[in-house]
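Same order as they appear, the protein sequences are chains H and R. So for the first sequence, this note's numbering puts the first residue at 1; every next one is plus one. So for the second sequence, this note's numbering puts the first residue at 1; every next one is plus one.
By construction, these hints were calculated from the structure, which means they are not laboratory data. Be a bit skeptical, because a hint or two may be false.
Said to hold, decoys possible - With a straight-line Cα cutoff of 20 Å, these simulated SDA-like cross-link-like pairs (lysine to any residue) come out:
(1) 41(H) <-> 71(H)
(2) 7(H) <-> 87(R)
(3) 162(H) <-> 314(R)
(4) 201(R) <-> 252(R)
(5) 162(H) <-> 297(R)
(6) 314(R) <-> 392(R)
(7) 9(H) <-> 52(H)
(8) 146(H) <-> 237(R)
(9) 162(H) <-> 201(R)
(10) 143(H) <-> 71(H)
Just so it is clear, the structure is predicted and the values come from calculations on it, not from any experiment.
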Amino acid sequence: MTNLELKKKIIALLQRNARMSDVEIAERLLSETDTVAGAIKELENEGAIIGYHALVNEEIAGGDEVRALIEVQVLPDRDGGFDRVARVISRFSEVRSVYLVSGQYDLRVEVVGETLQQVALFVASRLAPIDGVQATATHFLLKKYKESGFAAERDEVYERLKISP
Amino acid sequence: MKFMSASKSHHERHHWVAGHIAGLPRSGIRDFFELVSARDEVVSLGIGEPDFVTPWSIREATIYALDQGHTSYTSNLGLISLRRECCRYVQSEFGVDYQPDQECIVTVGVSEGLDLVMRAILNPGDEVIYHQPAFVSYAPAIAMAHARPVPVHTREADGFVLSAADVENKITPKTKALLLNYPNNPTGANLGEPEKAALAKVAVKHDLLVITDEIYSELTYGLRGASIAAYPGMRERTVFLHGFSKAYAMTGYRIGYACGPHQLIDAMMKVHQYSMMCACGFAQEAAVEALRNGRDEREAMREEYRQRRNVIVKRLNDMGLPCSLPDGAFYVFPRISDTGLDSQQFAMRLLEQKNVAVVPGTAFGEAGEGYVRCSYAASMTDIETAMTRMREFVNELS
């Protein structure tokens, strides 16, 4: 296995379970713990892995934050396209994610706040006035069903036979 | 009406059961299952089916078939759409060309396919050679067709690969067929090209029929070559058995298929027609979806099995239970004889002392003595827990 192949497989495993130990990864991939630890360090240093976070079901965890998806229409710059506006938006701590998308609007921005008003105020006073932003539409998130490949609600456990041929 | 004496009635009842059925051994797995089921909190590596649920697109196709009212019988041979997909798949993955209208039959799992082929080909007194350790149904399926199962032992030193010379030594004028199962349950062994070629030669030389149960074939971790059916002189003497249970996690659907020369499939069809009629129709439709769109999910499951295999093999070797890296299926077959226990004792004590279930090798025939089967079709958490407890168990023995 080349270093590149190893890194690809490590990424696939960490995307499914970022808490997987270096030991387990090494055993799964028939590699060595040190090799795996080194490859992960490299992935982090080169910016291929930008961070780790827990996927949370707020309904159970009891979080009371308000989240919204904002569709943002942008007038692209002559040189930088959408990048300048996207970067400005990304820097706000209230902004959880920013994607350039195809379709009827340009940027899909996820914003988090403590209350509905706070999010709405952020959009009106910080986001909308940015030079290049032409229009926004705010969609508050009501319920999460799935995120990053994980279902928010678990199926009931169905037990197989404990022994079968 | 007068009642007969207790002893006489017992005696008479004994004779109600056909001799060749009364003579069948109880499955060793069955007894062990009762013990395991009576306990709580058992971590089981004794399960011979995927721990994944059937991929959603396949379940969704099942629901759609029901929604559309597809609840009737199908043709005895099975849906032609499914037979077409099966033959296309067998051609591309196993290198053998079969005609969907004449050379393919949909069965209720490979289990039924096995029963059909035995009943279709065997006369009383015929002999069928099979390799041991083996799936629990093989010898009984042969015996139920009034024929004699002839085991050939495979050895750890050969990686549990069947030796053509050993097969040849067991051939008599009564030998009718050779039954193969690679990748193998319970050892995880697989056949390479040279071994397949050697076995094919023996089959041709002695005019044997070959029945090849390839239910685990997608779960091959090295290179998977052509089926033995594709070797010279083999197509006309091979019945290829396959199904959806393992590769697509569809055990409960009970869908398998058999491909072979028309004459044999036609004979199997007669048995099937009069005993089973047809396999479940909406399950057949689900199988069509599996072959058309199930590839990615299948490959993802295979990759996960491969990685779990790597983990479990390392842990077993580290704790002093030697096993090589098996090439297929989802089983490892570590040698436990160095502990001083036999297979049954090892499995029983491990269950009683550590609440971990593995299957004694002897459940797969006497050739399994000295080994236990550990299935890695279990969650990584269960594998980790089981390995930790097994290590404690082995340490406490020495």
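Do the hints match the structure? See the list:
Straight-line distance between C-alpha atoms of residue 41(H) and residue 71(H) comes to about 36 Å, which puts the hinted pair past the 20 Å bound. Restraint check: the Cα-Cα separation between residue 7(H) and residue 87(R) comes to about 38 Å, which exceeds 20 Å; the hinted pair is violated. For the suggested pair residue 162(H) and residue 314(R), the alpha carbons sit about 24 Å apart, so the restraint of at most 20 Å is broken. For a cut-off of 20 Å, the pair hint linking residue 201(R) to residue 252(R) is broken: about 37 Å separates their Cα positions.
A C-alpha spacing of about 25 Å is found between residue 162(H) and residue 297(R), which places the hinted pair above 20 Å, so the restraint is violated. Between residue 314(R) and residue 392(R) the CA atoms are separated by roughly 16 Å; this keeps the pair inside 20 Å, and the hint holds. Distance hint between residue 9(H) and residue 52(H) is fulfilled; the C-alpha atoms sit about 17 Å from each other, no more than 20 Å. Among the hinted pairs, residue 146(H) with residue 237(R) is inconsistent with the structure: their alpha-carbon atoms are about 51 Å apart, more than 20 Å.
Only pairs whose Cα atoms come within 20 Å are accepted, and residue 162(H) paired with residue 201(R) is rejected, the gap being roughly 41 Å. With a C-alpha separation of about 18 Å, the suggested pairing of residue 143(H) with residue 71(H) holds against the 20 Å cut-off.
When each numbered hint is compared with the structure, violations occur for hints 1, 2, 3, 4, 5, 8 and 9.
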